[in-house]
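K.L.:
In order, the protein sequences belong to chains A and B.
Residues 1 to 89, numbered by the numbering used here, are exactly what the first sequence covers, in order.
Residues 90 to 662, numbered by the numbering used here, are exactly what the second sequence covers, in order.
Honestly, the hints are just simulated from the structure, not real lab data.
A couple of the hints might just be wrong.
[To be verified] So these bits of chain B aren't anywhere near chain A, every CB distance computed over 12 Å:
1) Leu321
2) Pro385
3) Pro403
4) Trp414
5) Val417
6) Gly435
7) Arg454
8) Trp606
9) Arg652
[Claimed, not checked] Using 16 Å as the maximum straight-line C-alpha spacing, the simulated EDC-like pairs for lysine to aspartate or glutamate come out as follows:
10) B:Lys647 / A:Asp36
11) B:Lys331 / B:Asp601
12) B:Lys647 / A:Glu85
13) B:Lys647 / A:Glu6
14) B:Lys331 / A:Asp36
15) B:Lys331 / B:Glu604
16) B:Lys331 / B:Asp161
17) B:Lys647 / A:Asp84
Glycine residues also receive a C-beta, built at the ideal position from the N, C-alpha and C atoms.
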Amino acid sequence: MSRSAEAYWRANVRLVLLLLAVWFAVSYGAGILFVDVLDRFTLPGTEVPLGFWFAQQGSIYVFVALIFVYVVRMNRMDREFGVDEGDDT
Amino acid sequence: MNVQAWTFTLVGLTFALYIAVAIWSRARSTRDFYVAGTGVSPLANGMATAADWMSAASFLSMAGLISFQGYDGSVYLMGWTGGYVLLALLLAPYLRKYGAFTVPDFVGDRYYSQVARFVAVICALFVSFTYVAGQMRGVGIVFGRFLEVDVGVGVLIGMGIVFFYAVLGGMKGITYTQVTQYCVLIFAYLVPAIFLSMLITGNVVPQFGFAGTDLASGLPLLERLDGLHQELGFAAYTDGSKSTIDVFFITAALMVGTAGLPHVIIRFYTVPRVRDARISAGWALLFIAVLYTTAPAVAAFARTNLLTTVSDRPYAEAPEWFTTWEGVGLMGFDDVNGDGTIQYVGPNAVDASGAPVRNELTIDRDIMVLANPEIAGLPDWVVGLVAAGGLAAALSTAAGLLLVVSSAVSHDLLKRGFRPDISERGELIAARVSAGVAVVVAGWLGINPPAFVAEVVAFAFGLAASSFFPVILLGIFSRRMNREGAIAGMVTGITFTAAYIVYFSFVNPAADTPEHWWFGISPEGIGGVGMVLNFAVAWMVSRVTPPPPEPVQIMLDKIRVPRGAGAAHEISA
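Pulled out of the complex, with its shape left as it was, chain B reads as follows:
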């Protein structure tokens, strides 16, 4: 069997599996639909959370980013895992005790305000749609490259699958398909990583291989990589080129943003008890860490592999995978000096006489994980497996996000907003219809991706960091925090962060350089500053306005102790 046949077989098998699981676990009530009847075991919830969280970006793009950025790529590793510590220690147990269905539910009740609820709904919708568009693009890339179908058709197939199990199964269906998808994606990530590790370092465990020795040169892998980088005029792999303050704030924005993402938070509503919410955060991070500690190893292997296979080779002898990726426009070679050889070099490169050498190779960072098995000459079935894994990562995240969109509309806007008298049956129909509409919009965004997907995703993190996280945290830990403080804080945080990002990404992109940034903090990291502002404004405003009313104080006493959690329920504060 060739690569394409393997890919069709493996993708087909996994899709059939997801559909079977979805039929077996479909939703029968709104409780099933929103929070899986709060009957999910902590281990299963941890696995589902891991799949929910690890998107096409984690699976396909992250190792590539680290591969090209070296130390600077650490912001993604620490940022996207450290947020779980905040979530587990500061938010998850209390939100589970409160027992709402959605994030705007908690915000609206805790701050006794429809305005706060409405602001939260808008944020949830915005964050989720941005993300979903990214996932659909990931689906399109995998289909386009490996199954050689049109990107549009690829997105349609992906949409069809998600539509089927998200609309039919709600949270319950999504949870159990996500458990299946975690198994698929982690297997698909580890197999090539182990192959590469054995090939390059002779060590079976990629995490050990990362700290081990490069077999070809006999040097420690990272020393060898730093050496190659210096030779070719790149910044040292283990050093990076971002300023310390920028790395600090980007990490902060990603961590806090992670803890504030609604599709991750709602996963903790699905377990039976407070202590299950605590432990499932632990399981989730453990399952995530399996991939996240492998990724930097994959990045280092891929970098070594790439530098030693393509650099200084005649273009005529370029391997087959090189030409295939060139065909889909994700790799490009421009023979600047006309010598027919591929010069892949960094900005500081010089030749023997000291004259600067120009780079001739461009590589899309998103393809490193997909191209890896081919670069290393791994068996065809591994390539097919990686494609199936990438799809699992994209679909599982897309489904979780679509559920947030659907519950924001049917629960927060209709049931708790404009149509409080809606019946259980009507709410369930509304939930399914809005999930369906959301799938179609997401698919459209996937086929016609906005040119600024990357900026918008950074925007989503900054927004979650500067809006949700402070409001929820203060809502639990501060008795004095009131409606006025929360709304003022959210509005300040969002406006500041959005203005900074919009200015540098859209209004004046030419000024998007470190010398123009405030204190050298990039738009990617500004959410961290927005969060600090949110806290400060919320605190000050709450001191000069009336304290929250009595029922909120009683509710706070209740959510601070685990006893008496029970099922998700509605509290009118």
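So here's chain A without its partners, still in its complex pose:
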């Protein structure tokens, strides 16, 4: 593997780990492990217990956002490292 390919792979893994940390925090963190703590608060503007909201709504919204962030960042990274697929194949 060339040096630039190695750098690309490292940057890729770093991005994935960062996004997975958020993924873990909103579902296993807010929705499961700390649900009782968060349930003492409510979602701002509503009366919904916060931990319960994360488990049944919030985590799903964050999941969708995570994939779109990944797509945008990866596509940009592909171009920076010159490994993108061009406009057509």
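For this one, chain A is given, so just place chain B on it according to the hints.
P.N.:
Only chain B this time, still in chain A's reference frame:
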């Protein structure tokens, strides 16, 4: 028009639509048949993936489960959506770059081993057949209840439709019918949800209504629900009763299982480029999230509705839908105290004097979504629409699964296994014949469902989580992972998970209680532990055995960069 006429009309119209789409998009080559010629646009693929994934279980059963389990039902919501993040970030782009036709294809090539390929084929077949049986049962329920035809006839009609477009169209036909089916099912899910939301909370958007106010009592909806639960002796709706560790592991098993399901993974082989695979995972989850964020709202509305309409009412005055569902055996009333009133209460219920009250009502969880429009007194056409939506969900998933079965036989077993010299034409015929046989077997399972469908579906998730996911992930992210490690890991993961589930579900069901489970982890969640074991064993074994050969290293370099994806092709590593 009455409910039945509406149902016949809407189901008939949607079926005609699926057949028309299937004829327009039929397959002409094995590439068309397995991966739709890799020419599917990311948006269409996202929609097809959403329909592929959302089965009769998501459409019919999930809101009902959440409705009865409250917070505990969150495991399905997080588990069945969070898996897409894993799929999008860790698997889909690389598998698309590799450009195989099936999942066992990748496993067999990456681990340079026919044994690994064969183990993967067995897992794929097992997972898919279990699932298909569940879908056919869903078809049977809808037909039995709304069209008042025999369940067997219902399954036969469903089989006929799937047979037609899966066998004729292959992946190409399936993809475009799934796009149509997504539109049907999401419309059918949202219409009653919006009606209910307006009825109960006065808010048009169910997701907002969920966080809004119950009009009847003036209290916030969830507070009102917790109050009703306490009054009737159920655990609080927003609390749940499963242990934290169990919720954690069930969620993990469902998430990882989702990312390892072959019928979902192969959808990402159908797009032209790596970046299309990435974005179509995003579209897929967005389309899925529309239903999955609506479901908990529907669950809360349905629960409120049910508790306020049936509880403490005289049985003689029970509404019409109550008696219809009772007629098909999915609701039951047993007047334990002989007062002629329906007592629907939880385990902690007591009367004014403090004496315990016994529950007299049983409700099959699977009927909540179907019964909802009737409970709320919505127009007849909404009921028909829900029936058509449930069928769309069941058929779209069944078709995707049948394709996995067919390609496992014709491609993995024949072409890449026992008959490598088979011609393109012969392979296509074999694919169609095995799809046909699979439809018949699935139909038979639907008419004579094994008594343990629910356990077996949990088994399928645990199996996918503890076998496929670690092997594929390590195959991409670890250069050192070799044949010996992968096979040892898969075998350990599967054996452990299967043994735990079989012991508690079949050998000793009496012991299936939290005090007997290891660390309080239920058989539903044990796949998460199996996955960890798989990773650990694979890593250790791979360190003490020779590294993978040179061609595999070169293949790894290639799949890690997007450039040069092109069409699906065969690599011999």
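K.L.:
Each hint: holds or not?
P.N.:
Evaluation of the provided hints:
{"no.": "1", "hint": "Leu321", "result": "20 Å, holds"}
{"no.": "2", "hint": "Pro385", "result": "4 Å, violated"}
{"no.": "3", "hint": "Pro403", "result": "34 Å, holds"}
{"no.": "4", "hint": "Trp414", "result": "27 Å, holds"}
{"no.": "5", "hint": "Val417", "result": "30 Å, holds"}
{"no.": "6", "hint": "Gly435", "result": "19 Å, holds"}
{"no.": "7", "hint": "Arg454", "result": "17 Å, holds"}
{"no.": "8", "hint": "Trp606", "result": "18 Å, holds"}
{"no.": "9", "hint": "Arg652", "result": "5 Å, violated"}
{"no.": "10", "hint": "B:Lys647 / A:Asp36", "result": "46 Å, violated"}
{"no.": "11", "hint": "B:Lys331 / B:Asp601", "result": "14 Å, holds"}
{"no.": "12", "hint": "B:Lys647 / A:Glu85", "result": "13 Å, holds"}
{"no.": "13", "hint": "B:Lys647 / A:Glu6", "result": "12 Å, holds"}
{"no.": "14", "hint": "B:Lys331 / A:Asp36", "result": "13 Å, holds"}
{"no.": "15", "hint": "B:Lys331 / B:Glu604", "result": "12 Å, holds"}
{"no.": "16", "hint": "B:Lys331 / B:Asp161", "result": "6 Å, holds"}
{"no.": "17", "hint": "B:Lys647 / A:Asp84", "result": "13 Å, holds"}
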